[in-house]
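Asks: Whenever a hint applies, use it, and build me the whole structure from the sequences.
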Amino acid sequence: MLVVLGVLPLPSAAHLVSTGLGPIYDGIGHFFLSLEDLLPLLALMTLGGLNGVAAGRRIMFVLPSAWLIGGILGSLIAVGTIVPAYVAPLMAIMLGVMVATDAQLPERVLTGVIGIVGSASGLTTGIALATQTNNLQLILGSAIALCVLATAVPALVIVAATSRPWMRIAVRVLGSWIAGVGLLMLGWQVRIS
Amino acid sequence: MSVRSIFGRVVTRLFQFALALLLPQLAMAHELQPGFLQLTETAPHQYEVLWKQPTSLGNPLRLTPVFPVTCQALNAPQSEVLPQSWVWRMRLSCPAGLAGQILTIEGLEAFATDVLIRVEHGDGRIETHLLKPADPSVTLNEAAGVHGRWTYLTLGIEHIALGIDHLLFVLGLLLIVGNRWTLIKTITSFTVAHSITLAIATLASVHVPAAPLNAAIALSILFLAPEVVRVWRGQTSLTIRKPWLVAFAFGLLHGFGFASGLAALGLPRNEIAPALLLFNIGVEIGQLGFVFLVIGLERSFRVLKIHWPRWAEMLPAYTLGTLGAFWTIQRVTLMILR
Chain A
1 MLVVLGVLPL PSAAHLVSTG LGPIYDGIGH FFLSLEDLLP LLALMTLGGL NGVAAGRRIM
61 FVLPSAWLIG GILGSLIAVG TIVPAYVAPL MAIMLGVMVA TDAQLPERVL TGVIGIVGSA
121 SGLTTGIALA TQTNNLQLIL GSAIALCVLA TAVPALVIVA ATSRPWMRIA VRVLGSWIAG
181 VGLLMLGWQV RIS
Chain B
1 MSVRSIFGRV VTRLFQFALA LLLPQLAMAH ELQPGFLQLT ETAPHQYEVL WKQPTSLGNP
61 LRLTPVFPVT CQALNAPQSE VLPQSWVWRM RLSCPAGLAG QILTIEGLEA FATDVLIRVE
121 HGDGRIETHL LKPADPSVTL NEAAGVHGRW TYLTLGIEHI ALGIDHLLFV LGLLLIVGNR
181 WTLIKTITSF TVAHSITLAI ATLASVHVPA APLNAAIALS ILFLAPEVVR VWRGQTSLTI
241 RKPWLVAFAF GLLHGFGFAS GLAALGLPRN EIAPALLLFN IGVEIGQLGF VFLVIGLERS
301 FRVLKIHWPR WAEMLPAYTL GTLGAFWTIQ RVTLMILR
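Those sequence lines, one after another, are chains A and B.
Anchor point for the first sequence: position 169 equals 169 in our numbering, and the numbering is continuous, going up by one each time.
Anchor point for the second sequence: position 151 equals 151 in our numbering, and the numbering is continuous, going up by one each time.
Treat the hints with care, as some may be off.
[Said to hold, decoys possible] Some, not all, of what chain A presents toward chain B, calculated at C-beta under 10 Å:
no.	residue
1	S18
2	T19
3	L21
4	Y25
5	D26
6	A54
7	G56
8	R57
9	T151
10	V153
11	G180
12	L184
13	L186
14	G187
Source of the hints: derived by calculation from the structure; they are not laboratory data.
Remember, predicted model here, so these are calculated numbers, not experimental data.
Just so it is clear, CB atoms sit at the ideal spot from N, CA and C, and this is done for glycine as well.
Replies: Structure follows, in structure tokens:
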């Protein structure tokens, strides 16, 4: 992760949402409106749901924890204006493909993937928000939003994927779309850099 | 004593410690009221100014309206102290008119409150804006009034979103209700009850002193905490058997609390009915959003087959009890000191 941070330095693009309801709600708004950060996390949650109930529980507990640790670390190290812009699209492509192929990962591998993706995503957000006042409250708000999503999305996918066979296929199609969007985002980053 | 039990106790103590750290911020939940600035055009390019400066714990917030540079005061401002605001009145002359001019509330960035701006033009047009800390200025123009009334909807949503005490009470009710039908009855009772008192307080200008009201709202949260514990112990009580009854009774109190967000503005009579309706709809949107969120999470926990340890199951009751007790003591103390 640190290698990626060092290799791909790009100008920071923090876009803080102002809800007028304070930093916690601003953090929640920032999380939901940062599509490039949200996409790989959504793919990971979907993958967790496809891997069953135990994997869904792992997503619920490990992902927000890893994200929060990464977020706090990012806000503390505050690597100036450096944000790895290629990381999120690459993660979206990788996880989107895994969802599309209905990859069944061993528990340890899945935990590792959750830890890496969660902390990398948190680190990116933490660095982007480091310059904001009340940045820790913003990160806490984003983490709360992630907790809710990391609980609801795997549960929703489990219900959908086990109810009818075509629903599982629909979820896999969603994975291919996530990979496609990730590819577009990566292309855009290559173009502007 | 087992390791699991010790861990549970440590986590509970840590949670109480974290709550104690957060309490000062949470305690502000309902102290801040929105400011209100009204400009009424009484003669061509001459305006009566009414500025309701919000207060926090009895002290006025350092907010100052900055009028367009072309405007001049015609008299010295006259002030009057009300329970939840300081009211200033003055007359203003703006020879260049107000269209296209910038109005700013200086100092708004520093507070978690809003200021409602209302301009009554001489030709009957009404312009309404809601200024927020992130955007404390507005350019006055003729088209703004079309969307102006929706600001009351926003105010309603904001009021419930920032009203941690109201949300905690709803959470307490959700933790008590046993089935879907009881849930519908309970939430409907709470909604009907707080709508009644919100309407009475706003339309009939019934004023309930803020200090005892806030203390009673805090007490309603404290009241629910032992009931939640009773539910988990498999015991029963009137509240558990008929939660809709308690929801209705305390809903009447919470309605007066909701009204504080609207009544503090002191709107003109012809504006009160639509403002009340939209404000109440806003409150209901926020409340229903919260209810669906909690229900959705509870359903997700069941799908994921999560078996919470005992201490984690007790956390919501601890939250209700700790905050309810803190707010009750704090608000009663403030009431006595005043």
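Asks: Now tell me if each hint is right for this structure.
Replies: For each hint, the structure was consulted:
The criterion of a C-beta within 10 Å of any C-beta in chain B is met by S18 of chain A, whose closest approach is roughly 4 Å, and the hint holds. For T19 of chain A, the suggested interface contact is upheld, since its CB lies about 8 Å from the closest CB of chain B, less than 10 Å. The criterion of a C-beta within 10 Å of any C-beta in chain B is met by L21 of chain A, whose closest approach is roughly 6 Å, and the hint holds. Proximity of Y25 of chain A to chain B holds as hinted, the smallest CB-CB distance being about 7 Å (cut-off 10 Å).
Satisfaction of the interface hint for D26 of chain A is found here, the shortest Cβ-Cβ separation to chain B being roughly 8 Å, below the 10 Å cut-off. For A54 of chain A, the shortest C-beta to C-beta distance to chain B is roughly 9 Å, which falls under 10 Å, so the interface hint holds. Interface hint at G56 of chain A: satisfied, since its Cβ lies 5 Å from the closest Cβ of chain B, which is below the 10 Å cut-off. Interface hint status for R57 of chain A: upheld, as the beta-carbon distance to the closest one in chain B is roughly 5 Å, under 10 Å.
For T151 of chain A, the interface hint holds, since its Cβ comes within 10 Å of a Cβ in chain B; the closest pair sits about 5 Å apart. At its closest, the beta carbon of V153 of chain A sits 9 Å from a beta carbon of chain B; the interface hint therefore holds under the 10 Å criterion. At a threshold of 10 Å, the smallest CB-CB gap from G180 of chain A to chain B is about 28 Å, leaving the interface hint violated. Using the Cβ-Cβ criterion of 10 Å, the hint placing L184 of chain A at the interface with chain B is not satisfied: the shortest such distance is roughly 31 Å.
Using the Cβ-Cβ criterion of 10 Å, the hint placing L186 of chain A at the interface with chain B is not satisfied: the shortest such distance is roughly 32 Å. At about 34 Å, the closest approach between the beta carbon of G187 of chain A and any beta carbon in chain B exceeds 10 Å, and the interface hint on this residue is violated.
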